[in-house]
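Chain by chain, the residues run as shown.
Protein chains: 2
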Amino acid sequence: MNKPLNPAHNLAVDGARLWDTLMETARIGGTAKGGINRLTLTDLDRQVRDWFRVQAEALGCAVAIDDMGAMYARRKGRRDDVPPIALGSHLDTQPTGGKFDGTLGTLAALEVLRTLEASGYETYAPIEIVNWTNEEGSRFAPALIASGVFGGAFERDWAYAQKDRDGTTFGEALAAIGYKGPERCGSRKFSAFFELHIEQGPILEREEKDIGIVTGVQGVRWFDCTLTGRDSHAGTTPMAARRDALVGAARMVEAIDRIARSHPPLAVATVGMIEARPASRNVVPGEAHFSIDLRHPDDATLETMEDEIRAALAATASDLKLDATLDRIWSQAPIPFHSRCIEAVRRAAGLCGLSAREIVSGALHDAAYVSRVAPAGMIFVPCKDGISHNEEEFSSQEQCARGAQVLLQAVLDFDRQLAEGF
Amino acid sequence: MNKPLNPAHNLAVDGARLWDTLMETARIGGTAKGGINRLTLTDLDRQVRDWFRVQAEALGCAVAIDDMGAMYARRKGRRDDVPPIALGSHLDTQPTGGKFDGTLGTLAALEVLRTLEASGYETYAPIEIVNWTNEEGSRFAPALIASGVFGGAFERDWAYAQKDRDGTTFGEALAAIGYKGPERCGSRKFSAFFELHIEQGPILEREEKDIGIVTGVQGVRWFDCTLTGRDSHAGTTPMAARRDALVGAARMVEAIDRIARSHPPLAVATVGMIEARPASRNVVPGEAHFSIDLRHPDDATLETMEDEIRAALAATASDLKLDATLDRIWSQAPIPFHSRCIEAVRRAAGLCGLSAREIVSGALHDAAYVSRVAPAGMIFVPCKDGISHNEEEFSSQEQCARGAQVLLQAVLDFDRQLAEGF
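Residue numbers (the working numbering), protein chains in the order written: chain A, 137 to 558; chain B, 137 to 558.
Source of the hints: derived by calculation from the structure; they are not laboratory data.
Hints are supplied without guarantee of correctness; some may be wrong.
No copy labels: a pair is met if it fits in one copy or bridges any two.
Stated by the list, open to error - Straight-line distance between alpha carbons at most 20 Å, and here's what the computed EDC-like set of lysine to aspartate or glutamate pairs gives:
(1) K520 / E534
(2) K457 / E423
(3) K457 / E390
(4) K299 / E423
(5) K169 / D367
(6) K457 / D521
(7) K316 / E193
(8) K520 / D367
(9) K212 / E193
Quantities reported herein were computed from a predicted structural model and do not represent experimental measurements.
Go ahead and model the full structure; you've got the sequences and the hints to work with.
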């Protein structure tokens with residue numbers, strides 16, 4: 137511990153090698169439109185896992201698998217009794233996913249280890265790449281299932297019982313591809329966890345920032361709303377005699393949009409699903425259903441927004457003689473990342489001479505669940521037009537390389553701090 | 137022609153007999169909830185047709201069937217060379233229809249003939265009950281198919297080729313129940329056609345009027361509207377960066393409602409169907425579709441409303457950075473009824489001492505298509521809460537009897553005018 141660590145400043149990832157690796161693995165499940173269809177625990181997922189294991193073992197890493205299928209590839213440090221500094225993301229994709237979501241974070245972690253190995257750099261703590269199982273949730277709900285079990289948000293046996301559309305359980309699918317490991321998921325300790333990810337939004341690109349220093353994940357509240365009036369004939373019911381549930385829903389869609397805009401710049405609110413019944417062209421709808429997705433980094437603001445929505449709903453229902461119900465079906469409090477991780481990322485970006493801004497993640501990521509049991513942090517890089525979960529998803533070779541470079545330096549920064557006892 | 141006609145003033149329908157007849161036939165296809173499920177050209181339709189033929193023949197009527205299955209039951213007049221004064225409606229129902237829609241007009245016509253027969257009253261022109269095939273359009277589209285062929289709106293062979301959900305054609309179903317007659321639909325002439333119907337709206341009940349003197353059928357325009365923005369992540373896309381098609385659709389639903397209310401009291405506008413895509417709770421909808429149903433008795437007002445909707449759509453699309461298309465998929469100009477028929481109904485209501493108001497029909501009826509080839513008119517009676525196309529549809533025995541009484545007197549009024557050469 138007293139021996140000075142190797143100078144880290146000169147260490148640089150190989151952007152071309154990272155890019156080649158991204159493009160190479162993108163062929164496993166590659167789609168005609170340039171995306172990836174690599175659903176979790178399919179044979180394609182097995183192929184990319186096998187590939188990953190071979191690459192990690194080629195670097196001299198020991199690869200462990202836990203009973204949720206999460207993979208841990210460890211490069212030794214000077215002190216193997218110290219919990220590793222972990223970094224990674226996921227290799228599963230949406231059915232029409234892009235080449236960067238999850239993959240960038242996992243393969244950039246591999247690039248970090250390749251860089252360390254190539255330079256012979258010795259870290260204080262072990263450095264461990266993690267590939268989390270079923271981040272996407274496209275085949276098995278919920279999303280983030282392995283990191284959720286790791287962080288204590290879900291029970292392992294409940295996760296095993298989740299079924300895909302064909303009735304196959306998560307547990308069966310995991311065993312079928314040979315990735316149900318012996319280690320209990322969550323038993324492993326991390327000194328920290330860093331995840332590099334594409335932003336999946338437009339902010340960094342719009343502000344021409346290279347790096348997002350992610351301070352946390354915003355809170356989310358999901359609601360189902362139903363308005364009930366009375367079905368009536370579109371031709372014979374005067375406007376004044378109507379109890380049109382869809383007019384009420386429309387008023388709420390606008391109110392929800394307005395409420396989000398009244399809490400700038402971070403509040404967002406979305407109505408993604410709507411249904412009018414009986415859904416006939418010449419019947420005034422007596423029933424309307426819609427979803428609400430509210431997000432903000434601050435729980436008090438979420439509470440205020442919910443209050444404002446409830447007030448708008450009461451006014452709308454009263455005004456249009458409708459009955460209204462609003463059910464909160466899910467609530468996820470905001471998750472702040474660990475200050476030591478945030479500062480490590482900030483210093484790393486500065487060391488690399490990159491432009492950076494703080495940013496709150498709009499989406500949940502594996503790091504959010506890991507943060508329940510270990511210090512965690514995230515690095516965002518821009519993606520074109522903010523498009524994600526789409527075969528057109530794109531970040532350039534340079535953007536990916538900058539993210540990987542900050543990931544490397546953040547890990548080494550944390551490692552130095554850890555060695556020095558903070 | 138010079139011989140004075142019998143005095144008609146004393147003639148009165150038998151309200152109890154009409155009610156009993158309504159309740160008796162309601163058992164053919166009667167539902168547990170008190171409605172009728174008697175889809176056109178089913179065996180239940182055959183049963184009620186057979187019943188109707190027996191009743192008409194018992195009155196001494198000659199029953200003819202045309203090649204669209206329309207039934208004509210004629211009571212002779214003094215001048216059988218004069219085209220008959222026709223009256224009637226339809227005996228088919230919606231799948232969850234009520235006991236009055238169509239049935240009242242047909243069975244009240246039967247009650248009129250029973251009253252004439254019982255009193256020995258001799259009319260100048262023959263009086264003829266019509267039972268039109270497939271008014272509802274629930275099994276075979278379009279609705280009003282037989283009166284449409286009669287009035288020249290549809291081609292018979294096109295009508296024959298229309299299929300139900302099982303792939304059976306209208307022509308096959310018509311032959312299968314034995315009601316494809318020899319007479320060419322539309323070859324028959326009428327001196328006039330009167331149709332009694334429940335209002336299917338709330339106006340008469342609200343204003344406590346016994347009788348609606350129907351002056352015509354309002355015009356209808358149907359549209360499909362599509363708004364296109366961009367799908368984006370509900371968590372990561374700031375409000376300012378969104379192109380939310382559903383927010384645009386919501387603004388249009390409200391604008392359409394407002395535009396109808398700005399042309400009181402007769403304009404109505406309805407959005408009955410709406411869809412947001414990709415219809416995911418956490419995706420900002422990049423696409424929204426909805427229907428528009430516009431109605432007004434005056435074509436110029438319809439035109440103005442359409443212009444106002446197009447202007448609102450252009451403003452909404454520009455404001456929210458959306459693309460918009462509005463397709464007019466159907467247009468039915470307003471149909472005025474014949475002044476002689478309207479006046480006959482007005483005088484009949486006065487003669488019967490009933491409260492009446494002019495009203496424009498919000499829905500199409502067989503009389504609308506017949507009006508293309510013969511003077512036509514309609515009589516409305518109130519129905520509870522304006523509810524129709526519903527098993528709860530209800531008009532009281534007294535309301536039905538009053539309608540039938542006005543129908544009787546309107547027919548006799550027209551007959552006297554006809555005898556006197558107007």
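Each hint, compared with the structure:
1. Proximity of K520 and E534 under a CA criterion of 20 Å is satisfied intra-copy only: 13 Å inside one chain copy versus 72 Å between copies.
2. With identical chains, the CA atoms of K457 and E423 are at most 20 Å apart within one copy only, with a shortest distance of 12 Å there and 29 Å across copies.
3. In this homomeric assembly, K457 and E390 come within 20 Å of each other (Cα to Cα) both inside a single copy, at 19 Å, and across copies, at 16 Å.
4. Taking identical chains as interchangeable, the C-alpha atoms of K299 and E423 are never at most 20 Å apart, the minima being 32 Å within one chain and 30 Å between chains.
5. When the C-alpha separation of K169 and D367 is checked against a cutoff of 20 Å, the pair qualifies only between copies, where the shortest distance is 18 Å, while the shortest distance within a copy is 45 Å.
6. Proximity of K457 to D521 under the C-alpha cut-off of 20 Å is restricted to the inter-copy arrangement: shortest distance 15 Å between copies versus 42 Å within a copy.
7. Taking CA atoms no more than 20 Å apart as the test, K316 paired with E193 passes inside one copy only; the shortest distance there is 19 Å, against 82 Å between copies.
8. Proximity of K520 and D367 under a CA criterion of 20 Å is satisfied inter-copy only: 14 Å between copies versus 45 Å inside one chain copy.
9. Taking the shortest alpha-carbon separations for K212 and E193, only the intra-copy value of 12 Å comes in at or below 20 Å, while the best inter-copy value is 102 Å.
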